[in-house]
Each structure stands twice: as C-alpha cells, then as structure tokens.
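All chains should be built: construct the whole structure from the sequences, respecting the hints.
Protein chains in written order, with the working numbering: chain C, 1 to 169; chain U, 1 to 100; chain Y, 1 to 118.
Hints were generated in silico from the structure; no laboratory data involved.
Quantities reported herein were computed from a predicted structural model and do not represent experimental measurements.
Among the clues, some could well be false.
Computed from the model, here is a short list of chain U residues facing chain C with C-beta under 8 angstroms [to be verified]:
| # | residue |
| --- | --- |
| 1 | L14 |
| 2 | G21 |
| 3 | A34 |
| 4 | Q59 |
| 5 | V65 |
| 6 | A67 |
| 7 | V75 |
No farther apart than 25 angstroms at their CA atoms in a straight line, the calculated lysine to aspartate or glutamate pairs in the DMTMM-like style are these [claimed, not checked]:
| # | chain 1 | residue 1 | chain 2 | residue 2 |
| --- | --- | --- | --- | --- |
| 8 | Y | K59 | Y | E116 |
| 9 | Y | K59 | Y | E37 |
| 10 | C | K133 | U | E72 |
| 11 | Y | K112 | U | E72 |
| 12 | Y | K59 | U | D57 |
| 13 | Y | K111 | Y | E73 |
Okay, the calculated bits of chain Y under chain C, using three or more residues with CB under 8 angstroms as the criterion [claimed, not checked]:
| # | region |
| --- | --- |
| 14 | 13-22 |
| 15 | 64-72 |
For each residue, glycine too, the CB sits at the ideal point set by N, CA and C.
As a plain string of letters, each chain reads:
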Amino acid sequence: MTLFFFLLIAIVTVISAILVIVLRNPIHSALSLVLTFFSIAGLYILLNAQFIAAIQVIVYAGAIMVLFLFVIMLLNLEKEKRVSEKHPLQKAFGVSIALFLLGGIGSIVATGVLYGNMGTETAAKVSAVGNTKAIAGLLFTDWVLPFEITSILLIAAIVGAIVLTKKEL
Amino acid sequence: MIPLSYYLVLSAILFTIGVVGVLVRRNAIMIFMAIELMLNAVNLSFVAIGKHLDSLDGQVFVFFVMAVAAAEVAVGLAIIVNLSRNKETINVDEINIMKW
Amino acid sequence: MPSDYFPVFVFLLIAVGFPVMIIALSSIVGPRKPSPEKLMPYECGVDPIGSARKRLSVKFYIVAMLFVVFDIEAIFLYPWAVIFKDLGVFGVVEMGLFIVILFVGLIYAWKKGVLEWE
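If you want it as structure tokens, here you go:
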C-alpha cells in the first residue's frame, strides 16, 4: 500500500518537474513547480517527517513561489520566443551531461556503497514525543549556532534585496 | 516499507531534471526555478537518508537549506529585476558584459 | 504515521476531481455560440483599452521579499514554541537573539522607507 502511494506521488513529482523545464510560458512552469513542491511534501509525509512536509508547503509552495510569480508579473514575461540558438549543440550537450550525472549517481546507489553510523532516534522513539518536538529538541540544543547564523543570513538577504531594488536609498 | 534506494533514485532523477533545466533554458527565471528543483531533490535525499539511519539531523538540515533557499531567492530575484531594468532582457546569452 | 494522512489524500482527490469534472462537463454539455459581443470582458460599459497585463511596481517585490524572510522566521518559531517550556531561560535567550537580529533588518527596511506606500 505504501509502495503504491510512493509510486503515485513519485510519478506526479517527476512529470511535473519535467513540465517545469519544458513549458515555454514561465507562469505555467511556476505553477507546475508548485505541484512538484506539493508532491514532495507528500513524500515527506511518507517518510514520517510531518513537520518538514508542513514547512515545505508553507515556505516553498506558499512564500517562495509567490515571490517567483510576483517577479514574472513584474517583468511581464511573455512566452519565450524561439530565438535562433547561439550555440546549436548546447541542448544536446546539456542533456547528455545531465544523463551522465544521473548514471553516476545511479551506479553509486545501485552498488550500495553508501553507509553511515546509525543514530539513536528510532521511529518509535520519535513518534512517542512527536515529530515537531523531537526536531525542536535537536535544533535548539545541538544546532543552536547554525540557527543563530541563519538570522544573519536572513538580515543579509533583506539588506541586499533592498539595496538592489530601491532606486533612491 | 520502501527501500532507501527508491528515494535516492527519485532524488537523483529530480536533480538531473534541475541540471537539464539550468543547462538548457536561457531565461534567468527558469534557471532559478531549476535551481529550486535541485535544492528540493537534495532535501528529499537528506530526509530519506535520515530516516534510514534513525537520525533526525537530516530533517534539521532541511530547515537550514530552506532558509538558504529563501535568502538566495530574495537576492537573486532582486538581481534579475535590476537586470531587466538595465538591459531590457533576462536572456542569459545576452548578458555578457563581464566576459571578454 | 503516514496512514493518518489518508483523509488528506481523499480530500485532495475530491478537491481536484470535482472541479475537473465540472469544467469537463460544462464544456461537453453546454452549447457554445461565441460572438464578438459575448467575448468582451464587459458587455456594457467602456470598451477595454490595451493589455490587461501591465508591469507591476517594484514596491510589490520588496514587500513580498520581506514576507518570505519573516516567513522563515516564523517556521523557526513553531518548533521553538513546542519545546519552549523544556528549554527554560536558555530558550528565551537564543530566540531573543534571533528575533533581535531580524528586528534590526526590519528597522533597516523601515528607515529606508520600504514600508511607506505613498
């Protein structure tokens, strides 16, 4: 049953991700990217990561895609014209390099050389305290320094975006 | 129970689609969307491996990746807005003033 | 458990399936006799001039950007609120530092006049 849902969501994810890079109208590809983000949230639920699934919908599908759609409307992008290619072989090269990369990653997964040390948070232990609380316990104790640095990253983003877009400072 | 390799293969496929998008599309906003796709593929493999190893560190890391993605989108789209104001195009083939 | 989310899946199925069915039905069953009068956005009143798609002001972008950044702040507040009692004073200090640093960003945006619309 879980496998059926996994395959269903995986097919939706891959198809909508392909649509993102194939569709010529940027608004259509942005909407198809929203569908991709939603189905990845579905995969997170299958992985027992409910809180990550929620923030995936809130941040990616809610906030980041709004920003993308705003900019697409701001620039008033029409359908991409089929301009004469400056580099005719670019597409073929791009696709073949990407397929080579896929083959590389796939062979690593297939040979099964990935391994790591087992952690202590088993599924039963996590579900006893709740997913959100278990993550919070790690985030605000072991990962407190990255957490504080995130705020500096965000303030840099605020300042950078304002300086870049505001005409008269 | 789904094996870890299924998730890793799916994540590799999504990452490859993102790479194809970056290499093939010439519109700067489309390149950005493809980069978001790649970040999501990596997030997916973080969570899958974290579950496989009985560890929550992968899920905590997804938080930071999301914060980085948001900051990147805020600044990157500001650059694109500025670009279209100054050059009237966001086709990356035509943006070559730093190349000689 | 993922199985707890089965109702959400059913909900999504209905939420997507119903509009698709209605739109498909209305386009199959309904008669279609378009005329220039009918295809206008408003049948009476002033005729529309120009394209509906205009360039938006860049102010909208800055406000949306601020929304994204403070949305990230909000997703860090959710798990903090869950564990707030266990962390004690340490939790108040670390989240206070985080919020103060981001508040400086808000003050910067305020001083630069981003929040004024005029």
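So, going through the hints one by one against the coordinates:
1. The interface hint given for U:L14 is met, as the beta carbon of that residue sits about 6 angstroms from the closest beta carbon of chain C, less than 8 angstroms.
2. A distance limit of 8 angstroms between C-beta atoms decides the matter here; for U:G21 the minimum to chain C is near 4 angstroms, and the interface restraint holds.
3. Hint status for U:A34: holds, given a least beta-carbon distance of 6 angstroms to chain C, under 8 angstroms.
4. Because the beta carbon of U:Q59 sits about 5 angstroms from the nearest beta carbon in chain C, less than 8 angstroms, this interface hint is met.
5. Hint on U:V65 is violated. Least Cβ distance to chain C is approximately 10 angstroms, over the 8 angstroms limit.
6. A least Cβ separation of about 5 angstroms between U:A67 and chain C falls short of the 8 angstroms threshold, and the interface hint therefore holds.
7. Taken as an interface hint, U:V75 checks out: its beta carbon lies about 5 angstroms from the nearest beta carbon of chain C, inside 8 angstroms.
8. Note on Y:K59 and Y:E116: the hinted pairing holds, with a Cα-Cα distance of about 9 angstroms set against a maximum of 25 angstroms.
9. Taking the CA atoms of Y:K59 and Y:E37, the gap is about 37 angstroms. The hint is violated against a cut of 25 angstroms.
10. The straight-line distance between the Cα atoms of C:K133 and U:E72 is roughly 28 angstroms, outside the 25 angstroms bound, and the hint therefore fails.
11. Between the alpha carbons of Y:K112 and U:E72 the distance comes to roughly 21 angstroms, so the proposed pair stays at or under 25 angstroms and holds.
12. A C-alpha spacing of about 38 angstroms is found between Y:K59 and U:D57, which places the hinted pair above 25 angstroms, so the restraint is violated.
13. Taking the CA atoms of Y:K111 and Y:E73, the gap is about 21 angstroms. The hint holds against a cut of 25 angstroms.
14. Note: the region 13-22 of chain Y has 0 residues with beta-carbon separation from chain C under 8 angstroms; the three-residue rule is not met and the coverage is violated.
15. With a cut-off of 8 angstroms between beta carbons, the region 64-72 of chain Y has 8 residues touching chain C; three or more are needed, and the interface restraint holds.
The structure fails hints 5, 9, 10, 12, 14 (numbered hints given earlier, in ascending order).
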